[in-house]
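Colleague: The residues making up each chain are set out below.
There are 2 protein chains.
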Amino acid sequence: MAEYIESLSLLAEKFGRLEGVGKKSAMRMAFSVLELEHEEAEDFARAILDAKEKIHLCPICQNLTDREICPICADENRDHALICVVRDARAVLAMEKVREYRGTYHVLHGLISPMNGISPDQLKIKELLLRVDDPEHPVDEIIVATNPTVEGEATAMYLSKLLRPLGVQVTRLAYGVPVGADLEYADEITLFRALEGRREV
Amino acid sequence: MAEYIESLSLLAEKFGRLEGVGKKSAMRMAFSVLELEHEEAEDFARAILDAKEKIHLCPICQNLTDREICPICADENRDHALICVVRDARAVLAMEKVREYRGTYHVLHGLISPMNGISPDQLKIKELLLRVDDPEHPVDEIIVATNPTVEGEATAMYLSKLLRPLGVQVTRLAYGVPVGADLEYADEITLFRALEGRREV
Chain S
119 MAEYIESLSL LAEKFGRLEG VGKKSAMRMA FSVLELEHEE AEDFARAILD AKEKIHLCPI
179 CQNLTDREIC PICADENRDH ALICVVRDAR AVLAMEKVRE YRGTYHVLHG LISPMNGISP
239 DQLKIKELLL RVDDPEHPVD EIIVATNPTV EGEATAMYLS KLLRPLGVQV TRLAYGVPVG
299 ADLEYADEIT LFRALEGRRE V
Chain E
119 MAEYIESLSL LAEKFGRLEG VGKKSAMRMA FSVLELEHEE AEDFARAILD AKEKIHLCPI
179 CQNLTDREIC PICADENRDH ALICVVRDAR AVLAMEKVRE YRGTYHVLHG LISPMNGISP
239 DQLKIKELLL RVDDPEHPVD EIIVATNPTV EGEATAMYLS KLLRPLGVQV TRLAYGVPVG
299 ADLEYADEIT LFRALEGRRE V
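Order-wise, the sequence lines are chains S and E.
Residue numbers for the first sequence follow this note's numbering, so the first one is 119 and each next one is one higher.
Residue numbers for the second sequence follow this note's numbering, so the first one is 119 and each next one is one higher.
A couple of the hints might just be wrong.
One copy or any two copies: either way a pair holds, since identical chains are not told apart in the list.
Claimed, not checked - Here are the simulated BS3-like pairs of lysine-lysine, each with C-alpha atoms no more than 25 Å apart in a straight line:
id	residue 1	residue 2
1	142	279
2	141	279
3	242	172
4	242	170
5	170	279
6	172	142
7	142	215
8	170	141
9	242	215
10	215	141
11	279	242
12	244	142
13	141	172
14	215	172
15	244	215
16	279	172
17	279	244
Hint data in this document are derived by calculation from the structure and do not stem from the laboratory.
When you get a sec, could you build the whole thing from the sequences and use the hints?
Modeller: Here it is in structure tokens:
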């Protein structure tokens, strides 16, 4: 039946192109659009175009922004000598939720992955080196906060080798058991890393 | 951070208005829109407006369609003396997947629910009676295929009382254990209904 309602299946197909949206969810969302008020549907369409048009990369940290320079790079109260390197804009979102971090960011837009044909020159690493090289804004420490996966580790290693000779301290987020988790369900590697990184209480 | 990228959070908010989309999924989809090609984003926006503009209710069965009369009602090869009554357009979709049903449909656009303040006159029941009353297209049987929930049952009961006096056979989908399911996980009411409806093999 859905294929009979051409404009509905076309809309479902568009939803299905978004990351993590399966066929069933896409169809459910398409139906849901039909239940919106006419004005709401127009606002939705406009929001898609607006986001696409206005959002670009911050020329400093490469994070997404709809201003000339993103609000974090523009914030005088943040520590510009401290840079947290992350894979994507979503990771910035996660870090900012903590509200404890007062440094800046650098978004790589990917991780080094020879398996997927992603080499360092496809990431925003040149832009990071330019920041480290800028004599007006010296960088003291770079926290590599890429995911604790094979690609995340490889990227961290690569950056560390690249940056240490430039006199920058390179650190990595601590590994360990997630707060509130049950030890029983932690995998062995996490437990091993948690043990390795143990601290006196 | 997301609140800083105004156009992104606005877009996420629009996704969040759709049924079954939580805050996290909405944000993930908004980010995902940014990764679309410019043209794809424009197509997406247009698909929303198109669907909203072109899709209306079939004047006969009240199902969603972008034609004057929906393809099922317009199909001469289907049995117009048999009407399957469903809650919404999604149920039609589910039934059509079976490919065994060759009758027509009638979409109620809801179920009777005094708890939620939904009374029979808010549903497309008048339109169903008009179809039953049409001497040019006599109706033999109405299958009430509303969900096996309290509201679905109440609606089935109501329709049955309304339609039987008009000389129409009113039936209900069979209850039972879902094919491929494990008896261990079936609830007691389903098992009881399956037992009640047992058949000789």
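Colleague: Evaluate each hint against the coordinates.
Modeller: Now for the hints, and whether the structure bears them out:
no., hint, in the structure
1, 142 - 279, "neither (46 Å within a copy, 35 Å between copies)"
2, 141 - 279, "neither (44 Å within a copy, 39 Å between copies)"
3, 242 - 172, "within (21 Å within a copy, 44 Å between copies)"
4, 242 - 170, "within (20 Å within a copy, 40 Å between copies)"
5, 170 - 279, "neither (36 Å within a copy, 55 Å between copies)"
6, 172 - 142, "between (31 Å within a copy, 22 Å between copies)"
7, 142 - 215, "between (31 Å within a copy, 13 Å between copies)"
8, 170 - 141, "both (24 Å within a copy, 20 Å between copies)"
9, 242 - 215, "within (23 Å within a copy, 47 Å between copies)"
10, 215 - 141, "between (31 Å within a copy, 14 Å between copies)"
11, 279 - 242, "within (16 Å within a copy, 69 Å between copies)"
12, 244 - 142, "neither (41 Å within a copy, 31 Å between copies)"
13, 141 - 172, "between (29 Å within a copy, 22 Å between copies)"
14, 215 - 172, "within (24 Å within a copy, 42 Å between copies)"
15, 244 - 215, "neither (28 Å within a copy, 53 Å between copies)"
16, 279 - 172, "neither (36 Å within a copy, 58 Å between copies)"
17, 279 - 244, "within (14 Å within a copy, 75 Å between copies)"
Hint compliance for this structure: hints 1, 2, 5, 12, 15 and 16 are not met, and every other hint is.
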